[in-house]
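Student: For the protein sequence lines, the chains are A and B, in the order given. Its first residue numbered 1, the first sequence is counted upward by one per residue in full-length UniProt numbering. Its first residue numbered 1, the second sequence is counted upward by one per residue in full-length UniProt numbering.
No wet-lab data here; the hints were simulated from the structure. Just so we're clear, the structure is a prediction, and the values are computed from it rather than from any experiment. We put the CB at the ideal spot given by N, CA and C, even for glycine. Just to be clear, a hint being listed does not mean it is correct.
Derived CB-CB ranges, DEER-like [to be verified]:
no. : chain 1 : residue 1 : chain 2 : residue 2 : range
1   : A       : K6        : B       : D33       : 41 to 49 Å
2   : B       : D150      : A       : R176      : 18 to 26 Å
3   : A       : Q142      : B       : D33       : 50 to 58 Å
4   : A       : H23       : B       : D16       : 49 to 57 Å
5   : B       : D150      : A       : R36       : 38 to 46 Å
6   : A       : A5        : B       : T125      : 20 to 28 Å
7   : A       : G53       : B       : R88       : 22 to 30 Å
8   : B       : L70       : A       : T125      : 27 to 35 Å
9   : A       : G53       : B       : L70       : 26 to 34 Å
10  : A       : G175      : B       : L70       : 16 to 24 Å
One side of the interface only, derived from the structure: several residues of chain A facing chain B at Cβ under 8 Å [as the list claims (entries may be wrong)]:
no. : residue
11  : A92
12  : L94
13  : L149
There are 2 protein chains.
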Amino acid sequence: MGITAKGRATRQRIIDGAAAHLHSAEPGELTLDDVRAITGTSKGQLFHYFPGGKEELLLAVARYEADRVLADQQPHLGALTSWPAWQRWRDAVLARYRAQGANCPLGSLMSQLTSTPGAAEVIRTLLAQWQQHIRAGIEAMQAAGRIRLDLDADRTAAAFVAGIQGGVQVLRSTGRTDHLDAVFDVLLTHLRTSPSNAATAPGYGS
Amino acid sequence: MGITAKGRATRQRIIDGAAAHLHSAEPGELTLDDVRAITGTSKGQLFHYFPGGKEELLLAVARYEADRVLADQQPHLGALTSWPAWQRWRDAVLARYRAQGANCPLGSLMSQLTSTPGAAEVIRTLLAQWQQHIRAGIEAMQAAGRIRLDLDADRTAAAFVAGIQGGVQVLRSTGRTDHLDAVFDVLLTHLRTSPSNAATAPGYGS
Numbered sequence: 001m002g003i004t005a006k007g008r009a010t011r012q013r014i015i016d017g018a019a020a021h022l023h024s025a026e027p028g029e030l031t032l033d034d035v036r037a038i039t040g041t042s043k044g045q046l047f048h049y050f051p052g053g054k055e056e057l058l059l060a061v062a063r064y065e066a067d068r069v070l071a072d073q074q075p076h077l078g079a080l081t082s083w084p085a086w087q088r089w090r091d092a093v094l095a096r097y098r099a100q101g102a103n104c105p106l107g108s109l110m111s112q113l114t115s116t117p118g119a120a121e122v123i124r125t126l127l128a129q130w131q132q133h134i135r136a137g138i139e140a141m142q143a144a145g146r147i148r149l150d151l152d153a154d155r156t157a158a159a160f161v162a163g164i165q166g167g168v169q170v171l172r173s174t175g176r177t178d179h180l181d182a183v184f185d186v187l188l189t190h191l192r193t194s195p196s197n198a199a200t201a202p203g204y205g206s
Numbered sequence: 001m002g003i004t005a006k007g008r009a010t011r012q013r014i015i016d017g018a019a020a021h022l023h024s025a026e027p028g029e030l031t032l033d034d035v036r037a038i039t040g041t042s043k044g045q046l047f048h049y050f051p052g053g054k055e056e057l058l059l060a061v062a063r064y065e066a067d068r069v070l071a072d073q074q075p076h077l078g079a080l081t082s083w084p085a086w087q088r089w090r091d092a093v094l095a096r097y098r099a100q101g102a103n104c105p106l107g108s109l110m111s112q113l114t115s116t117p118g119a120a121e122v123i124r125t126l127l128a129q130w131q132q133h134i135r136a137g138i139e140a141m142q143a144a145g146r147i148r149l150d151l152d153a154d155r156t157a158a159a160f161v162a163g164i165q166g167g168v169q170v171l172r173s174t175g176r177t178d179h180l181d182a183v184f185d186v187l188l189t190h191l192r193t194s195p196s197n198a199a200t201a202p203g204y205g206s
């Protein structure tokens, strides 16, 4: 089936409406009735654009939310080429998640999609892209002589992804960004000061 | 209602059976029919021990799983008093989650309990206890002169909790412990080598 420009716009309007609902306070589970009410679409239209029904719609919203996670960190995430840039990125991430609070739209979507094929792939793709951006930043800093060359850029980027992901996860339970803040500081300190071989570092060894 | 020793044993047997099911491969959502089949209990017995029905049972299983998360890290987590002890703890955590793989029983329970009062509290309590153990370990190392005194023990413990939590979260999507491994190394390196003021550390400043 070809899809017209108007059709694409309607489909996107449905996704936007569902996403907006998930960003509201106390959204609960997203139902098709919610989506119809918010977007003013009929049952027939919903199934026209999402023949797979609720799962297909939720998966489309999850993809949209995953893209937003990275878009909300731009332009900082794509240009981590100086220490002030890393600091601005950190501030932007903290501000984003402080504003979001305990309600994580992508997290609640994933809770509703645990047995949906393709759902885990949305998260894997997001994490891989996120890590790739951070890795590129570390490599840019290495090329500029600001981070030691023997630091493993990809592995350190993986640590950033885990730390941020965990800080956001704790936020979902506590409503507080303290943990995200704390792990970010450890990660940034690591970038700035990591010794080339911690196991034999002087001063505080075993 | 008083509950007899036999009653307590039956109740615990139901919780154990439900938990064992969640630890199996591909458990999916836990239903009351699953629990009845696994534990050989009648509907009447289930509602006798869990008058609140499925939510009350799932919440009891979540508490049990949360306790296991910490129990599985003992005796290491409770005695982080030397660098080899920290290393053994790290190895135990990595081994536990490598064995668990992408299937996180506590995570799937929480996905089923998003709107249940008391569910977030189970996670908050777990995180707070976890952080308290790590903090006690850092303070013991400080008292022994092995970690600098101006490192904020509670905040650093919060960073550990976020990092581990995030590594486990990534594992749920990827089936791999690379991220957990990477963030653990950054955190342990931080403990051993963190300068007293990273912003003005020599060598790799802005």
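Student: Run every hint past the structure and note whether it holds.
Tutor: A quick look at each hint next to the structure:
1. A:K6 x B:D33: 41 to 49 Å: Since the Cβ atoms of K6 of chain A and D33 of chain B sit about 47 Å apart, the hinted range of 41 to 49 Å holds.
2. B:D150 x A:R176: 18 to 26 Å: holds (24 Å)
3. A:Q142 x B:D33: 50 to 58 Å: Given about 57 Å between the Cβ atoms, the range holds.
4. A:H23 x B:D16: 49 to 57 Å: For H23 of chain A and D16 of chain B the Cβ distance comes to about 40 Å; the hint is violated.
5. B:D150 x A:R36: 38 to 46 Å: Because 58 Å falls outside the window, the suggested range is violated.
6. A:A5 x B:T125: 20 to 28 Å: With a Cβ separation near 52 Å, A5 of chain A and T125 of chain B fall outside 20 to 28 Å, so the hint is violated.
7. A:G53 x B:R88: 22 to 30 Å: About 50 Å separates the Cβ atoms of G53 of chain A and R88 of chain B, which means 22 to 30 Å is violated.
8. B:L70 x A:T125: 27 to 35 Å: Holds: the Cβ-Cβ distance is about 33 Å, inside 27 to 35 Å.
9. A:G53 x B:L70: 26 to 34 Å: violated (41 Å)
10. A:G175 x B:L70: 16 to 24 Å: holds (22 Å)
11. A92: violated (18 Å)
12. L94: violated (13 Å)
13. L149: violated (11 Å)
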